[in-house]
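Asker: Residue strings, one per chain:
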Amino acid sequence: MLVGLTEDQALLRDSLTRLLDRIYPFETRKERVASEAGFAEADWQELVDLGITAAPFPEAMGGLGLGQSDLCVIQQGLGSHNLVSPYLSSVVLAGGLLAQAAPERAADLLGPVIAGRQHLALAYAERGSRYSLCHVTTRAERDGSGYRLEGRKTAVLWAQAAGRLLVSARSSGAAGERDGISLFLVDPQAEGVSLRPYATNDGHRAAEVFFSGVQLPADSLLGQEDTALPLIEAACDRAALALAAEALGCCLSLNAETLDYVRQRQQFGRPIGKFQVVQHACAYMSIQADTLEATVFAAAQHADRQVDLATQRRLVSTSKAQAGWSGRFIGETALQLHGGIGMSADLPIGHFLKRLSAIRVLFGDPDYHVRRVKQLDAVA
Amino acid sequence: MDLRFHDDLADFREEVRGFIRAHLPDAVRERQQRGMAIDRATMKPWHDQLVQKGWAARGWPEAFGGAGFTPAQQYVFHQVMAEEGAPLGHLSWGFSLVAPTIVEYGSQWQKDFFLPRILRGEIYWCQGFSEPNAGSDLAALKCRADRDGDDYVINGSKIWTSYALQSDWMFGIFRTAVEDRPQKGISMFLIDMQTPGISVEPIPTYEGGAEINQTFFTDVRVPARNLLGGEGQGWELAKFQLGRERYNVAQVAVTKALLRRLKRFAREEAGPEGSLLDDPQFSDRLYRFEMELAAFESVEHFLLYDHNSPAEQDPDRMTLLKIRGADLHQAVTELTLDALGTLGLPDLPAPATLGSNDGLGLPDYVPGRAAEYFNTRKVSIYGGSNEIQRNIIAKNVLGL
Numbered sequence: 000m001l002v003g004l005t006e007d008q009a010l011l012r013d014s015l016t017r018l019l020d021r022i023y024p025f026e027t028r029k030e031r032v033a034s035e036a037g038f039a040e041a042d043w044q045e046l047v048d049l050g051i052t053a054a055p056f057p058e059a060m061g062g063l064g065l066g067q068s069d070l071c072v073i074q075q076g077l078g079s080h081n082l083v084s085p086y087l088s089s090v091v092l093a094g095g096l097l098a099q100a101a102p103e104r105a106a107d108l109l110g111p112v113i114a115g116r117q118h119l120a121l122a123y124a125e126r127g128s129r130y131s132l133c134h135v136t137t138r139a140e141r142d143g144s145g146y147r148l149e150g151r152k153t154a155v156l157w158a159q160a161a162g163r164l165l166v167s168a169r170s171s172g173a174a175g176e177r178d179g180i181s182l183f184l185v186d187p188q189a190e191g192v193s194l195r196p197y198a199t200n201d202g203h204r205a206a207e208v209f210f211s212g213v214q215l216p217a218d219s220l221l222g223q224e225d226t227a228l229p230l231i232e233a234a235c236d237r238a239a240l241a242l243a244a245e246a247l248g249c250c251l252s253l254n255a256e257t258l259d260y261v262r263q264r265q266q267f268g269r270p271i272g273k274f275q276v277v278q279h280a281c282a283y284m285s286i287q288a289d290t291l292e293a294t295v296f297a298a299a300q301h302a303d304r305q306v307d308l309a310t311q312r313r314l315v316s317t318s319k320a321q322a323g324w325s326g327r328f329i330g331e332t333a334l335q336l337h338g339g340i341g342m343s344a345d346l347p348i349g350h351f352l353k354r355l356s357a358i359r360v361l362f363g364d365p366d367y368h369v370r371r372v373k374q375l376d377a378v379a
Numbered sequence: 000m001d002l003r004f005h006d007d008l009a010d011f012r013e014e015v016r017g018f019i020r021a022h023l024p025d026a027v028r029e030r031q032q033r034g035m036a037i038d039r040a041t042m043k044p045w046h047d048q049l050v051q052k053g054w055a056a057r058g059w060p061e062a063f064g065g066a067g068f069t070p071a072q073q074y075v076f077h078q079v080m081a082e083e084g085a086p087l088g089h090l091s092w093g094f095s096l097v098a099p100t101i102v103e104y105g106s107q108w109q110k111d112f113f114l115p116r117i118l119r120g121e122i123y124w125c126q127g128f129s130e131p132n133a134g135s136d137l138a139a140l141k142c143r144a145d146r147d148g149d150d151y152v153i154n155g156s157k158i159w160t161s162y163a164l165q166s167d168w169m170f171g172i173f174r175t176a177v178e179d180r181p182q183k184g185i186s187m188f189l190i191d192m193q194t195p196g197i198s199v200e201p202i203p204t205y206e207g208g209a210e211i212n213q214t215f216f217t218d219v220r221v222p223a224r225n226l227l228g229g230e231g232q233g234w235e236l237a238k239f240q241l242g243r244e245r246y247n248v249a250q251v252a253v254t255k256a257l258l259r260r261l262k263r264f265a266r267e268e269a270g271p272e273g274s275l276l277d278d279p280q281f282s283d284r285l286y287r288f289e290m291e292l293a294a295f296e297s298v299e300h301f302l303l304y305d306h307n308s309p310a311e312q313d314p315d316r317m318t319l320l321k322i323r324g325a326d327l328h329q330a331v332t333e334l335t336l337d338a339l340g341t342l343g344l345p346d347l348p349a350p351a352t353l354g355s356n357d358g359l360g361l362p363d364y365v366p367g368r369a370a371e372y373f374n375t376r377k378v379s380i381y382g383g384s385n386e387i388q389r390n391i392i393a394k395n396v397l398g399l
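Heads up: the protein sequence lines correspond to chains A and B, in order. Going by numbering that gives the first Met the number 0, 145 is the number at position 146 of the first sequence; the sequence numbering is gapless. Going by numbering that gives the first Met the number 0, 211 is the number at position 212 of the second sequence; the sequence numbering is gapless.
Careful: at least some of the hints might be erroneous.
Pulled a few chain A residues facing chain B out of the computed Cβ check, cut under 10 Å [as the list claims (entries may be wrong)]: (1) SER34; (2) TYR130; (3) GLY272; (4) VAL276; (5) ALA280; (6) ALA282; (7) GLY339; (8) SER343; (9) VAL360.
Below 25 Å or equal to it, Euclidean Cα-Cα: the simulated BS3-like pairs (lysine-lysine) are [unchecked claim]: (10) LYS183/B <-> LYS394/B; (11) LYS52/B <-> LYS141/B; (12) LYS52/B <-> LYS273/A; (13) LYS273/A <-> LYS110/B; (14) LYS183/B <-> LYS52/B; (15) LYS110/B <-> LYS255/B.
Keep in mind that the hints were calculated from the coordinates and are not lab data. For clarity, every value in this text was computed on a predicted model and none was experimentally measured. Every residue, glycine too, gets a C-beta built ideally from N, C-alpha and C.
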């Protein structure tokens, strides 16, 4: 470890680790992933009791008012056990956006989320939008006092578990424009909303969500009309950083598993960890994890001090890209060093690689974040 | 990109292409192009066509019913097969590993019994080499074959026996004696998988595959005539085969086919600023990969096609084909996963039936690609890991 944690953070990390050790060993994970829902509400309630659903929200909204560094400690802990849950999509992403977009209603709307009675999901991506957040073609037309929603959203994380959807839609302008995007609160049971749910290859859940003439009351608009994009960008940045922290947890577990394995696996009359080719691979895995840890917590600590937005975005991009690079290297190398047994479904190795591969593309792959940093530089 | 520095096989190339286009059944071609498994029944008509043409056994001498192709002809044949979407790995162990070993080391009975059956595609083979404690260190194998009258009695287990459940016979190496060096006292047997005492336990793989297994032997009686080569000669035979396996898994043609499919997808899939192929970052990566593959193809050309290459007769030089072939095969699946982005997230197998709709409106190309990436991690592990292969180059080629 490179980053020193505060006493509270160390406490948080230790209690989360103890909890997950108890309720979410690898065998349980297999059962949960194979179940219809992909996770168990009973497990969720234990996490709620620990306070992690309240963690990122201000105290005025019933939260604990913790910062980005604390959130990264939580996400790292979840990643270390490869927990499959809607935490990131519901609490961090959608919950975080709701708190920023409509603070006056957040206490009411977030109450059930914090208590663990309801999940949220954010529908922002569209087919063909790749990683752009402003390529929105889903339309919200004024209709009487409310709106009429028409369009389709893709890869909506954990939509099937959500009691409420937050949906980005175009209230004016054309796809690709920064202005004209609004945010709506949508009941997934409402007439005209349909879901095609699926499991993702890392064991999580997502859905394609279709809106066909969905009537929205006036109060479904969250925040100001046409101005939601910066809020959505900020929420996705927080999620991207949180995912990078989750990747760190995955990487550290893979490194520990791999070190264990190369110490005990005997070939040619000695542990394979005695061979330089294996040692160098392990050394580089450790360097990759250290680098990821440092970038993630540097970004989080800067966020907690609220430095300027451009620096903040640059640090988030660096962390997310590094999560992609470190994640692929560590995931693939861990599997390689395990040899044939690394391919087994009964070992956690491949499942970490799957999660790291999903994290790599969620909220922008490394190429996307390289481009974003280049653009930030061009503007400055 | 074609490498035809002195392509005296141009006519042959076109003859092969014409034959494949005329006779490859659509069902086989479509399944192959979609990366789907092809069962025995679907494959049989195509194999029968190859048998009829005399092209089923490309590398065997004509005396045994083979095509008697030169290595260069075999190379061209496989290139064209991949280009035309014909399956390459089909029955490959029987044709490229077992049969050449029987031709070289087998008894008359083995030649008479096995070669015609292999030729007709009647025997599917699995390989019994690795054991739980003998992977990279293959010579540490312990599964015993003890002589008892006219039989050998086998006890122990083999691991990573791909397709053991679908296979008719196993070719494997077993310990017949404990001597001063672990490489001594190993013998190769051909074993009927229906023999009493054999049980197969599948090892599900993390990407959802069910092709690999552990195979257990309890007092399995194998007739002595199924010993291939002499007792104690198994290590020599295994090395003979592993050299050929390295050659086989280079698979540049397969990687090229994957790249072609990826390029088509990148051209057709629209993003916010045009197609993915219009994205300079992605297209730079794709073309860089295409160039690395072309460079590697030149290596393959000199090693496999050019009789003037001084490396042609040096099996250890072939090791670089396994290493680099695995690297590039894996790299194209990585690039594919990056190209798919979040489209690659749904956990869907390649469609079982053509034209089936998963309800998500994904391009046909997408389902199965992520699993392909996860599954392809194995190519730098099996047949001797890339680490072991680099040791071979360092030791045997470079003399370190």
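Asker: All hints are to be evaluated individually against the structure, with a verdict given for each.
Answerer: Hints, one by one, checked against the model:
The restraint placing SER34/A at the interface with chain B is violated, with a minimum CB-CB distance near 14 Å, outside the 10 Å limit. At about 7 Å, the closest approach between the beta carbon of TYR130/A and any beta carbon in chain B falls short of 10 Å, and the interface hint on this residue holds. Residue-level restraint check for GLY272/A is violated (minimum Cβ-Cβ distance to chain B is 13 Å; threshold 10 Å). Against a cut-off of 10 Å between C-beta atoms, the interface hint on VAL276/A holds, since the closest Cβ of chain B lies about 5 Å away.
Hint status for ALA280/A: holds, given a least beta-carbon distance of 8 Å to chain B, under 10 Å. Hint status for ALA282/A: violated, given a least beta-carbon distance of 15 Å to chain B, over 10 Å. Restraint check, GLY339/A versus chain B: the minimum CB separation of about 5 Å is within 10 Å; hint holds. At its closest, the beta carbon of SER343/A sits 6 Å from a beta carbon of chain B; the interface hint therefore holds under the 10 Å criterion.
Hint status for VAL360/A: holds, given a least beta-carbon distance of 5 Å to chain B, under 10 Å. About 21 Å separates the Cα atoms of LYS183/B and LYS394/B, which keeps this hinted pair within 25 Å; it holds. For the proposed pair LYS52/B and LYS141/B, the alpha carbon gap of about 43 Å is over 25 Å, so the pair is violated. Between LYS52/B and LYS273/A the alpha-carbon distance is near 53 Å, which puts this suggested pair outside the 25 Å criterion.
Distance hint between LYS273/A and LYS110/B is unfulfilled; the C-alpha atoms sit about 45 Å from each other, more than 25 Å. Only pairs whose Cα atoms come within 25 Å are accepted, and LYS183/B paired with LYS52/B is rejected, the gap being roughly 42 Å. Between LYS110/B and LYS255/B the alpha-carbon distance is near 36 Å, which puts this suggested pair outside the 25 Å criterion.
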